[in-house]
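Student: Each chain, written out:
There are 2 protein chains.
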Amino acid sequence: MVSLDLLQSLSLVSPTKIILLVIDGLGGLPRPETGKTELETAKTPNLDRLAASGVCGLSDPVGPGITPGSSPAHMALFGYDPVISNIGRGVLEIVGIDFDLQPGDVVARGNFCAVDKAGLVNDRRAGRIPSEKCVELCRLLDGLVIENVEILVRPVREHRFAVVFRGEGLSSEVSDSDPQQIGAPPKIVSALAIKAARTARIANQFVAQAEVILVGHFPVNMILLRGFSQRPVWPTMGEIYKLTPAAVVSYPMYRGLARLVGMDVLSTGNGIEEEFRTLIQNYKKYDFFFLHIKGADAAGEDGDFDRKVAVIEQVDQAVTGLIRLQPDVIVVTGDHSTPALLHAHSWHPVPVLLSSHWCRPDGVKEFSELACIDGGLGRLPATNIMSLVMAHALKLKKFGA
Amino acid sequence: MVSLDLLQSLSLVSPTKIILLVIDGLGGLPRPETGKTELETAKTPNLDRLAASGVCGLSDPVGPGITPGSSPAHMALFGYDPVISNIGRGVLEIVGIDFDLQPGDVVARGNFCAVDKAGLVNDRRAGRIPSEKCVELCRLLDGLVIENVEILVRPVREHRFAVVFRGEGLSSEVSDSDPQQIGAPPKIVSALAIKAARTARIANQFVAQAEVILVGHFPVNMILLRGFSQRPVWPTMGEIYKLTPAAVVSYPMYRGLARLVGMDVLSTGNGIEEEFRTLIQNYKKYDFFFLHIKGADAAGEDGDFDRKVAVIEQVDQAVTGLIRLQPDVIVVTGDHSTPALLHAHSWHPVPVLLSSHWCRPDGVKEFSELACIDGGLGRLPATNIMSLVMAHALKLKKFGA
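Keeping their order, the protein sequence lines are chains A and D. Be aware that the first sequence starts at 231, since it is given in this note's numbering, and climbs by one per residue. Be aware that the second sequence starts at 231, since it is given in this note's numbering, and climbs by one per residue.
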């Protein structure tokens, strides 16, 4: 990949506009009866027209054979090395609930759980308590101060919450308290580095105080913490690419990711049409839009081939609204493949199409996995997409003399 | 390439089985009269069927334009960076004769040679003495102890032998004694690093003692040493991929290579059918098989186009025996190209086919250099093959959340 330092030294502000449309889990596998993937089955006249006038390819989100989670897959699309920039679980949890994580904060995922009289975990989720109960319990634990460290507790969903330790000199290099099995006691949080000794001590004190506070809140009588992590220190997309980027995303985790790379996260609704409308309404204010459609991945994970086809067809209809805006670059791709046949994310490369006045068209006439094999972008690491996008938007200076 | 650290963190044990069939020197160049390469000339209905249902591509063993030796080419196929993991000549020589090289051993290749009265080399190979004579002379030199270092001498073939220095604190950073020309005296072995001073001194004492011992063994009266090296410290394939790998290989050097990456090297015969039979007989005991066919490379090096075609056709027949085993992944490729037209290894990329229930088929209908250009694997570094193989065998966890 082209280094972010090089891109930063070459990028320039210009009036051109870019839309990155990510159909989550876009890539698929052929249904045995037809030999066609979800994308090949879907009727996509508008995407096919974009593919025919643009340049296509297949991308590897992390590397050949590697099945990515959504977070590294998106980091790669934004141009960041997905292995180096891999984000801790705690951070992912909290950025997904619109929490403004500060540099230096240490965050962990938490479960409200139940332990028996011997102190052994007998339900890691305390019967999946209702989210309202979670809100109530978080309010009880929120705001403690231990050794000058402020402890913020925020509900996520059901038994899940996030806890933020805010203060000087904290480190995320501590072990989980969650034993990840029943019949075992919660573990003592231990420092994995010398500098993390105080953080471990504070985390253990927090757990002890929480146990006292939770008395009388059956079925919950304990908490489990895991995935201690800190906000990564990255340059933002504004710094690297000199873009003013906006994210149109309804699903919480991706909103959090977009915020971590410095995008403005716009308010939008849940439906595909609503997201497209939000983009159109805000089109004048930004020069880069990350538009994220979750439904295709969800259908793939459910093994619902036909629903994934339907989501893709719906996007194809809505995409005419984007074409009408005449952006300088439209890229349509997925973050990874989620074949309905596998009911899961997979390692298969992801179709990419890049449409721009300045692309050199290839022979690809339709947007499909099979057709993209012959595309002019070839098979490329997903981290290369942003530099190609920037180039086609005429936002990169010449390198060297 | 995907780093071995990342693969090690993602790999998992599973009951799926993998066969990597390496047709040594597979890639070729077209015969001018027909415009077809060896592989394109061969009748390969079974490989074509695998290609049609699988996914194909062209691989670069070391890098575009680089002609590899067999050792780096195989290391790349096993997923190791072929430049970083390049193996010293001494080590290659000794692992090819089933010698159990220990960490810390320093090994060199040796020649029995002839020097004139002035001490100048007049035959680097002493008239290629018969192998039986080599065995006899090695027995005379074997077992010396110099400065607490044990010296083991093993015959290889004709005038060639290997010498192993075994003891504490040895280093392979010493120069050759072999001047690589006649009319020059053998060189003094010199330390190339301070820590290697003792090793150089011991090597020179060994040469001096050998000269005395060899008196009266005309035409041999001296030895030449070169390629001092040590066993590399690599993680094994078992450690990286959590596989239980076996090698079915008749040619000694490849048996040694397979042992260096931790494979069980099975006893087998010299013929293609015998090798396939050995694999089939041992199929239950392992989950990864490296099956190596030497004949195509040997024919290519001899410039014998038709014999190379015949070897490929013989493999095509035998491959039905593998298909019947229904392994989860079959990969058929070469370690490098050996076009009969060049009488040598070459830099041309190597056809690869990967057949698995989980591959996304491309439009390739036959296994040939020309057809593989349009394959779904694209043009890939050979080091990427193992991560793809592991993915298609469902032996890799998801990376990140």
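Be aware that a few hints might be false.
Copies of the same chain are indistinguishable here, so a pair counts whether it falls within one copy or spans any two.
Said to hold, decoys possible - The list that follows gives simulated cross-link-like pairs (lysine-lysine, DSSO-like), each with its CA atoms no further than 27 Å apart: (1) Lys628 - Lys266; (2) Lys515 - Lys472; (3) Lys628 - Lys417; (4) Lys627 - Lys472.
Please keep in mind that the hints were generated in silico from the structure rather than gathered at the bench. The model shown is predicted, which means the values in this text are computed figures rather than measured ones.
Student: Using 27 Å as the alpha carbon limit, work out where Lys628 and Lys417 are close: within a copy, between copies, both or neither.
Tutor: between (55 Å within a copy, 26 Å between copies)
Student: Using 27 Å as the alpha carbon limit, work out where Lys627 and Lys472 are close: within a copy, between copies, both or neither.
Tutor: within (12 Å within a copy, 36 Å between copies)
Student: For Lys628 and Lys266, with the copy left unspecified, which applies at a CA distance of at most 27 Å: within, between, both, or neither?
Tutor: Only across copies: Lys628 and Lys266 sit 25 Å apart there, 42 Å inside one copy, limit 27 Å.
Student: If the cut is 27 Å between Cα atoms, do Lys515 and Lys472 qualify within a copy, between copies, both or neither?
Tutor: Classified as within: same-chain Cα gap 15 Å, cross-chain 52 Å, threshold 27 Å.
Violated hints: none; the structure is consistent with every hint.
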